[in-house]
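The listed protein sequences correspond, in order, to chains A and B. All the letters of the first sequence, read from the start, carry residue numbers 1 to 245 under our numbering. All the letters of the second sequence, read from the start, carry residue numbers 1 to 350 under our numbering.
For the record, the hints were derived by calculation from the structure and aren't laboratory data. On a predicted model such as this, the values are computed, not experimentally measured, just so you know. Take these hints with a grain of salt, some might be off.
Stated by the list, open to error - As a list, the in silico DSS-like pairs of lysine-lysine whose alpha-carbon atoms are at most 27 Å apart:
#	chain 1	residue 1	chain 2	residue 2
1	A	Lys72	B	Lys135
2	B	Lys113	A	Lys69
3	A	Lys127	B	Lys115
4	A	Lys72	B	Lys115
As the list claims (entries may be wrong) - Computed far set for chain B versus chain A, every beta-carbon distance over 12 Å:
#	residue
5	Ser187
6	Ile201
7	Lys212
8	Glu245
9	Ile288
10	Phe296
Every residue, glycine too, gets a C-beta built ideally from N, C-alpha and C.
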Amino acid sequence: MLVVDNLHTYHGYLHVLKGIHFEIKQGEIFAMVGSNGAGKSTLLGTIAGIYKPRSGTIVFENEEISYGKVEKIVEKGICLVPERRQIFDDLSVKDNLLLGSYHRYKNDKKSVMEDFEQVLDFFPKLKTMLDRPGGLLSGGEQQMVAIGRGLMAKPKLMMLDEPSLGLAPLIVKDIMNILKQMKKTFGTTILLIEQNVKAALQIADHACVLDRGEIVIQGKASDLLEDEKIKDTYLGISKKERLKL
Amino acid sequence: MDNNLTKIYNRSLKGPLIFFVVIMLLPFIFQSNNYILSTFIMIGFYSLVTTGLTLLIGYAGQISLGHAAFYGIGAYTSAYFTATLQMPSWIGILVGAIIASLVSLIIGIPVFKLKGHYLALATLGFGVIIFTFFKEWKTITGGLNGFFGIPPLSLFGISFSTDFQFYFLIWIFVFLGIFFARNIVQSRVGRALMSIHGSEIASEAIGININKYKLQIFVLSAVYASIAGSLYAHYVTFINPQLFEMMTSIYFLIMVVIGGIGNIWGGLIGAAIYVFLGELLKDIVPKIIPNASGEFEIVFFGVLLVVILIYMPNGISKAIFHFIKRITSNFKNKPVSAFSKKSTGSDIHD
Numbered sequence: 001m002l003v004v005d006n007l008h009t010y011h012g013y014l015h016v017l018k019g020i021h022f023e024i025k026q027g028e029i030f031a032m033v034g035s036n037g038a039g040k041s042t043l044l045g046t047i048a049g050i051y052k053p054r055s056g057t058i059v060f061e062n063e064e065i066s067y068g069k070v071e072k073i074v075e076k077g078i079c080l081v082p083e084r085r086q087i088f089d090d091l092s093v094k095d096n097l098l099l100g101s102y103h104r105y106k107n108d109k110k111s112v113m114e115d116f117e118q119v120l121d122f123f124p125k126l127k128t129m130l131d132r133p134g135g136l137l138s139g140g141e142q143q144m145v146a147i148g149r150g151l152m153a154k155p156k157l158m159m160l161d162e163p164s165l166g167l168a169p170l171i172v173k174d175i176m177n178i179l180k181q182m183k184k185t186f187g188t189t190i191l192l193i194e195q196n197v198k199a200a201l202q203i204a205d206h207a208c209v210l211d212r213g214e215i216v217i218q219g220k221a222s223d224l225l226e227d228e229k230i231k232d233t234y235l236g237i238s239k240k241e242r243l244k245l
Numbered sequence: 001m002d003n004n005l006t007k008i009y010n011r012s013l014k015g016p017l018i019f020f021v022v023i024m025l026l027p028f029i030f031q032s033n034n035y036i037l038s039t040f041i042m043i044g045f046y047s048l049v050t051t052g053l054t055l056l057i058g059y060a061g062q063i064s065l066g067h068a069a070f071y072g073i074g075a076y077t078s079a080y081f082t083a084t085l086q087m088p089s090w091i092g093i094l095v096g097a098i099i100a101s102l103v104s105l106i107i108g109i110p111v112f113k114l115k116g117h118y119l120a121l122a123t124l125g126f127g128v129i130i131f132t133f134f135k136e137w138k139t140i141t142g143g144l145n146g147f148f149g150i151p152p153l154s155l156f157g158i159s160f161s162t163d164f165q166f167y168f169l170i171w172i173f174v175f176l177g178i179f180f181a182r183n184i185v186q187s188r189v190g191r192a193l194m195s196i197h198g199s200e201i202a203s204e205a206i207g208i209n210i211n212k213y214k215l216q217i218f219v220l221s222a223v224y225a226s227i228a229g230s231l232y233a234h235y236v237t238f239i240n241p242q243l244f245e246m247m248t249s250i251y252f253l254i255m256v257v258i259g260g261i262g263n264i265w266g267g268l269i270g271a272a273i274y275v276f277l278g279e280l281l282k283d284i285v286p287k288i289i290p291n292a293s294g295e296f297e298i299v300f301f302g303v304l305l306v307v308i309l310i311y312m313p314n315g316i317s318k319a320i321f322h323f324i325k326r327i328t329s330n331f332k333n334k335p336v337s338a339f340s341k342k343s344t345g346s347d348i349h350d
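All chains should be built: construct the whole structure from the sequences, respecting the hints.
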C-alpha cells in the first residue's frame with residue numbers, strides 16, 4: 001500500500017532522514033519505534049507532505065506522492081494524527097470532528113454526516129460532549145477526538161504520532177485497543193509511531209526501529225518484541241535482569 | 001441526539017434583526033442632532049473596517065497593523081475617480097476595492113510566510129510605506145495639503161449629502177458586511193479559519209491549505225477597509241494622509257480587541273466603545289487638564305486595552321452576549337417562587 005524508498009529529508013542543513021526504506025501492507029498496523037530525535041515525526045511529516053524530501057520516493061497505492069501538496073495527499077486517503085493531539089481548543093468537539101472531513105464536506109455533506117454518526121458510534125463517550133470546547137477535555141478524550149477527526153477524513157492510511165504521549169497507562173491501553181478495533185471496524189491501515197515500544201509492538205503486525213534517521217531493525221512485531229537488542233535498549237530489561245528472573 | 005449538520009450554528013436572525021431595526025429607527029429620534037448622527041456614522045465606518053479585521057485577527061489568528069493603508073487606498077481612489085476623473089461614485093468604490101485587493105494580494109503572499117511579531121512588523125512597515133505614498137504622490141493625493149472637493153456620495157441617482165441620508169447608507173453597508181462575515185464564519189470556511197487560529201500544523205495535517213485561507217481573508221479584510229475608506233472620503237469630502245497613518249491602524253486593532261476578537265459583532269461593539277469614549281474624553285479631559293493635547297487619547301486607550309486584555313481577554317462583546325443570554329434564559333425559564341401557592345408544603349399532601 002505504501003512504499004517508502006531511499007528517503008532523505010533535511011531540516012535546513014540538518015540531515016534528519018537518511019535513506020529510509022520500508023513498506024506497509026494494506027490492513028496492517030505498522031509500528032515505528034525509536035528514541036527522541038530519531039526522525040519519527042519528520043518521517044510522518046514527509047509522508048503527509050508537510051516536509052519535502054530532498055531525495056527518494058514515497059509511493060501510495062502505486063502513485064508517487066513524494067512531492068505532493070498536503071491537501072492532495074489527504075484527498076488520496078492519508079491522514080496524520082499529529083503529536084500531542086493538536087485538537088482545536090476553542091472549537092467544539094463537533095467542529096473538531098467535522099474539520100476532519102473538511103476536504104469532502106463541500107461536495108459530500110450526506111456521506112460526511114453518515115461518517116460522523118459512525119465515528120460517534122465508535123466513540124460513544126464523545127456523544128455526550130459534542131458542544132464542549134476541545135480544550136476542556138481530558139488527555140484521553142482529546143486523543144479520542146484527534147483519532148475521530150482522523151477517521152472523519154475516511155483515510156485508507158492513518159498515521160498516528162505518539163498517541164500515548166502524556167496519557168496514564170490505563171488510557172494508553174484503551175487507545176491501543178481503539179486502534180486494534182479501528183483496524184477491524186474500518187479496515188484502516190495504521191502507521192503508528194510510538195515511544196511506548198511495548199504497547200506499540202503488542203498491537204502491531206510489522207514494525208521497525210528508527211535510530212538517528214535510519215531504520216536499524218525491521219520485521220514482524222512479535223519477533224521484535226523478543227529481540228534482545230530491543231529488550232535491552234527500548235524495553236529497559238537487560239539480559240542480566242532477565243537471567244535473574 | 002441532534003446530529004443535524006444544519007444546526008451546527010445558531011443561524012437565528014432574530015437578534016440581528018431587532019438590532020438592525022433599532023439602529024434604523026435611531027436617526028428618526030435624533031433627526032435634528034447632527035452631532036449624534038455623525039458620531040454614529042463614524043462608528044459605521046470603523047465597524048466596517050473592524051469587521052473585516054475581526055475575520056483576520058479573531059478567526060484566522062493573523063495580525064495586521066497596516067489596515068489604515070487599505071482604508072486610505074479606498075478613500076484616495078474614490079476621491080480621485082469622482083473628483084478628478086468625474087466618474088460615478090460606485091466606480092470609485094469598486095476600483096478602490098479592486099486596488100486594495102490587488103495590493104493586499106501582492107503584499108500578503110510574502111508577508112504571510114511570517115508569523116507572530118514578524119508578521120505584525122511587516123504589516124506595520126507596509127502601512128508606513130503606503131502612508132509615504134499618500135504623502136509624496138502629490139499629483140494624485142495632494143500630499144500633506146490634502147485632497148479637497150470630493151463630491152458627496154451619489155449612488156444610482158440618489159445623493160447622500162446629509163448626515164441623515166448617509167446614516168442609512170453606512171449602516172446598511174455595515175449590516176451587509178456583518179451578515180456576509182457571519183455567513184463565512186458559520187461555514188466550512190469559518191471552521192477552517194478557526195482551525196488555523198488553533199493550530200497550523202493540525203490544520204495542515206487535515207488538508208487545509210492554510211496559506212490560501214490566510215491570503216483570502218487578508219484580501220477580504222482589505223476590501224472591507226477599502227469600502228469603508230471610500231464611503232468615508234465621500235462623507236467628509238476632504239482627506240489628508242494623516243488620517244491613514246500608523247496610529248489609525250493601531251486604533252483599529254484596539255477597537256477589535258476591546259470589542260472581542262472571537263465574535264463577529266466584536267468589531268462593531270469595539271468601534272462604538274472607541275468612538276463614544278473618544279467623544280467623552282474630548283469633553284471631560286480639558287475640564288481636568290486644561291492644556292491637554294490630543295495625545296491623551298492614546299494613553300487612555302492603551303490603559304483600557306491592557307485592562308481589557310487582563311480582565312476580559314475575549315473582549316466586551318463576549319461579556320455583553322453572556323449577559324443577554326443570562327437575561328433571556330432567566331426570562332424563558334422563570335423559576336417558580338418557593339413561596340408561591342404551588343410549591344408550598346401543604347400542596348404536597350393534597
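Tested hints:
1. For the proposed pair Lys72(A) and Lys135(B), the alpha carbon gap of about 46 Å is over 27 Å, so the pair is violated.
2. Taken as a hint, the Lys113(B) and Lys69(A) pair is honoured in the structure, with Cα atoms around 17 Å apart against an allowance of 27 Å.
3. The straight-line distance between the Cα atoms of Lys127(A) and Lys115(B) is roughly 36 Å, outside the 27 Å bound, and the hint therefore fails.
4. Of the pairs offered as hints, the one joining Lys72(A) and Lys115(B) holds, with about 25 Å between alpha carbons and a cut-off of 27 Å not exceeded.
5. Interface exclusion of Ser187(B) from chain A breaks down, the closest Cβ pair being 9 Å apart, not more than 12 Å.
6. Annotated as non-interface, Ile201(B) brings its C-beta within 12 Å of a C-beta of chain A; the closest such distance is 6 Å.
7. A cut-off of 12 Å between C-beta atoms contradicts the statement that Lys212(B) is not in contact with chain A; the least separation is 9 Å.
8. At roughly 34 Å from the closest C-beta of chain A, the C-beta of Glu245(B) stays outside 12 Å, upholding its exclusion from the interface.
9. With a least CB separation of 41 Å from chain A, Ile288(B) remains clear of the 12 Å interface cut-off, as annotated.
10. A cut-off of 12 Å between C-beta atoms confirms that Phe296(B) is not in contact with chain A; the least separation is 36 Å.
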